[in-house]
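Start counting the first sequence at 1; every next residue gets the next number (the UniProt record's numbering).
If you are wondering where the hints come from, they were derived from the structure by calculation, not from laboratory data.
Honestly, I wouldn't trust all of these hints.
Cut-off 20 Å, straight-line C-alpha distance, at most; resulting in silico cross-link-like pairs (SDA-like, lysine to any residue) [as the list claims (entries may be wrong)]:
hint, residue 1, residue 2
1, K162, P137
2, K211, E156
3, K165, S111
4, K4, F21
5, K208, A193
6, K162, L5
7, K103, K79
8, K211, P199
9, K211, L69
10, K195, A210
11, K208, L5
12, K103, G78
13, K211, Q9
14, K4, K211
15, K79, A44
16, K208, T15
17, K208, Y14
18, K103, F86
19, K4, W176
20, K103, L85
So the derived label-pair ranges between C-beta atoms look like this [what the hints assert, rightly or not]:
hint, residue 1, residue 2, range
21, K211, Y104, 46 to 56 Å
22, P22, K91, 38 to 48 Å
23, K195, G84, 15 to 25 Å
24, V101, Q45, 20 to 30 Å
25, S57, S205, 40 to 50 Å
26, S8, N63, 43 to 53 Å
27, S82, K165, 28 to 38 Å
28, G157, R194, 33 to 43 Å
29, T143, T15, 19 to 29 Å
All figures in this text were calculated on a predicted structure; none of them were measured in a lab.
Glycine included, every Cβ here is placed at the ideal spot set by N, Cα and C.
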Amino acid sequence: MNRKLDASQLEYIYTALQNKFPDAHCELNFRTPFELLIATILSAQCTDERVNQVTASLFEAANTPEDILALGLSSLEGKIRSLGLFHNKAKSILATSQILVEKYSGIVPESIDLLRKLPGVGRKTANVVVSNAYGIPAIAVDTHVFRVAHRIGLAEGSTAEKVEKELMEQFPREQWSDLHHLLIFLGRRICTARKPNCPACPVASVCKMAKGHEL
DNA sequence: CTCCCGATAT
DNA sequence: ATATCAGGAG
């Protein structure tokens, strides 16, 4: 019976991460729900820092569905090419903008289910938007959350959806959005993919992987 | 499962 | 040189 962490360990993890990263927040730059939606679509397989570099000029040219549509495909692709996967991302952004104009009066929906029907918007992107734009508790499982949750021993599921469910079951709803950002900060700054810095990690004492290394 | 994909870190 | 980066669609 693979026992997970007990209640006191879960509380310790949340508190220790808050103390280590009191400023944990969404690192994508945005001013409106639509800007966040576009920035999050662009963030696939790409660092936030480079997304912000691109959106700074992109949103100056167009930051509404109508203005994005007016740009057209080749112009939009040109602006986002440096982010990679640019053809898919441009098509998704245009198709999503078209639907927002036609069906939602240009307003980004607050419903995860409605968001996920938009082209290029999956589970992770929908969670990021409702959490950071509308203050709805959610845990978006990206590459960092998936990796860190497995290493610590907070999750064992093989898909992002399973990991999201495991995390939601172990932490109270009011902690979901904060926990999501805390795990991302941990994954970016300490528990990196190539070389995790366990000596600097605030939750090493309860981490499954860190313990495995010590034994 | 594969494909999309440029920039950066190791 | 190669792994990785706030994934999603077919």
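Against the structure, the hints come out as follows:
| no. | hint | verdict |
| --- | --- | --- |
| 1 | K162 - P137 | 17 Å, holds |
| 2 | K211 - E156 | 17 Å, holds |
| 3 | K165 - S111 | 18 Å, holds |
| 4 | K4 - F21 | 24 Å, violated |
| 5 | K208 - A193 | 16 Å, holds |
| 6 | K162 - L5 | 17 Å, holds |
| 7 | K103 - K79 | 26 Å, violated |
| 8 | K211 - P199 | 12 Å, holds |
| 9 | K211 - L69 | 52 Å, violated |
| 10 | K195 - A210 | 12 Å, holds |
| 11 | K208 - L5 | 9 Å, holds |
| 12 | K103 - G78 | 27 Å, violated |
| 13 | K211 - Q9 | 14 Å, holds |
| 14 | K4 - K211 | 14 Å, holds |
| 15 | K79 - A44 | 16 Å, holds |
| 16 | K208 - T15 | 18 Å, holds |
| 17 | K208 - Y14 | 16 Å, holds |
| 18 | K103 - F86 | 25 Å, violated |
| 19 | K4 - W176 | 18 Å, holds |
| 20 | K103 - L85 | 27 Å, violated |
| 21 | K211 - Y104: 46 to 56 Å | 49 Å, holds |
| 22 | P22 - K91: 38 to 48 Å | 40 Å, holds |
| 23 | K195 - G84: 15 to 25 Å | 23 Å, holds |
| 24 | V101 - Q45: 20 to 30 Å | 28 Å, holds |
| 25 | S57 - S205: 40 to 50 Å | 45 Å, holds |
| 26 | S8 - N63: 43 to 53 Å | 46 Å, holds |
| 27 | S82 - K165: 28 to 38 Å | 35 Å, holds |
| 28 | G157 - R194: 33 to 43 Å | 23 Å, violated |
| 29 | T143 - T15: 19 to 29 Å | 25 Å, holds |
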